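These protein sequence lines map, in sequence, to chains U and D. Be aware that the first sequence starts at 426, since it is given in this note's numbering, and climbs by one per residue. Be aware that the second sequence starts at -15, since it is given in this note's numbering, and climbs by one per residue.
Hints were generated in silico from the structure; no laboratory data involved. Certain hints may be false.
Here are the simulated SDA-like cross-link-like pairs (lysine to any residue), alpha carbons at most 25 Å apart as the crow flies [as the list claims (entries may be wrong)]: (1) U:K576 with D:P5; (2) U:K518 with D:T(-1); (3) U:K518 with D:R53; (4) U:K547 with D:S15; (5) U:K630 with D:R53; (6) U:K518 with D:E76.
Keep in mind it's a predicted model, so treat the numbers as computed, not measured.
Letter by letter, the chains look like this.
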Amino acid sequence: MRRGVATWSFRVAGRASRLHDVCVLDDAADDVSDTAPPDHVLVRRVRLGERSAFDAIIERHGPGMYRFALRMVGGDRTDAGEVVQEAFISAWKNITTFEARSTLRTWLFSLVSRRAADLQRKRRPTPVSDDLLTVIAPAARHDPLQEVMDKELVAALQAALAELPHQQRAVWLLREVEQMSYDDIATTLVMTPDSVRGQLHRGRKNLAERMAQWR
Amino acid sequence: MAVERTTDPLERATTALRDEPEAGWVEVSQSVMSRVRTLVTPASAVVTFDATGSSQRGERGSVVRVSGRVLTPLLRAAVDTPDRAADSIDIEVADERCSSIHLSLVCRYGVDLNAEGRDARAAVAAVVREVLGADLAFDAERDITVEVVDVVEGDPHAQ
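All chains should be built: construct the whole structure from the sequences, respecting the hints.
As structure tokens, then:
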């Protein structure tokens, strides 16, 4: 902190210069957008004490986070609600330290993934590796020829997802349902993009095997 | 829920999952918002001063403190105008005193940045005086720094 000098400064496009009396502006930022405030503006407002901005973040990202949580915890709505709530509480407490190295969306989804893993560790054991997964026989609760109904198909997928290791399930859901890029998934789950591709390949293969009976 | 009939059951189920409405989200969202509203963000408390510059009031020398949670929104409200928006407000606290305030601004393209900087500093100083009182050690000219971190076309509050 400089002492004894009244200063102010301006910084554009990453270049900072501290001025005392004169400032000439020769640059301008992006075009105006008439849409809702972007995420970084909402984050800024939350940091400046505007709670309603956090409500807007919940409304914007909550549905996707809840859908992701629901599938990560085996379809239990109470558990999914708890996971999302804990994720948002964590986001609220840590938003001042969120440094935008990732997007707000990937950060929020990473919180959901971690909370879902925590919850599952507490509640029930899950396979931790593909080797373990291979010994679990695909469940065939219904006769697929007689019960090809949409809800059951989704239920079958949910059951198949529940058998996947946590990370494989998360990668598959983020890619196939949330349609995130490989890079964003890697950021969300703290993996490399190559690992994401590997997990996705295995997840697709495992799910395809388990869903094959519905052909 | 209508699942498109493709030959691949995984693809059909995936499409259904993607298109599925978030059943139960409305209830969850209300619960989440209510819960978050009960949370208190950690913030430093800042001692206030009376007109003579003393932080101790009354015979017992009671001390009144104001949380940074209270000060920050007040500063933001004072600084924000249609032509500028606070980007960040950092309040430095040393020995429970507000030792400095660093204000980052986003300004509308074309405005006089010198004038905006001076005006914003004055707005911050006025809030500090009003809320924290007469802290003789706090020099607004020295201890309030203003930095314009971006200039934007259009509404600086929306970008």
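Against the structure, the hints:
1. The suggested pairing of U:K576 with D:P5 holds, with an alpha-carbon distance near 13 Å, which does not exceed 25 Å.
2. Restraint check for U:K518 and D:T(-1): not satisfied, since their Cα atoms lie roughly 35 Å apart, outside the 25 Å limit.
3. The suggested pairing of U:K518 with D:R53 holds, with an alpha-carbon distance near 13 Å, which does not exceed 25 Å.
4. The hinted pair formed by U:K547 and D:S15 meets the criterion: a straight-line CA distance of about 23 Å does not exceed 25 Å.
5. With a CA separation close to 51 Å, the supplied pair U:K630 and D:R53 exceeds the 25 Å bound.
6. Distance restraint check for U:K518 and D:E76: the Cα-Cα separation of roughly 19 Å lies within the 25 Å cut-off, and the hinted pair is therefore satisfied.
This entry does not satisfy hints 2, 5, going by the numbered hints stated previously.
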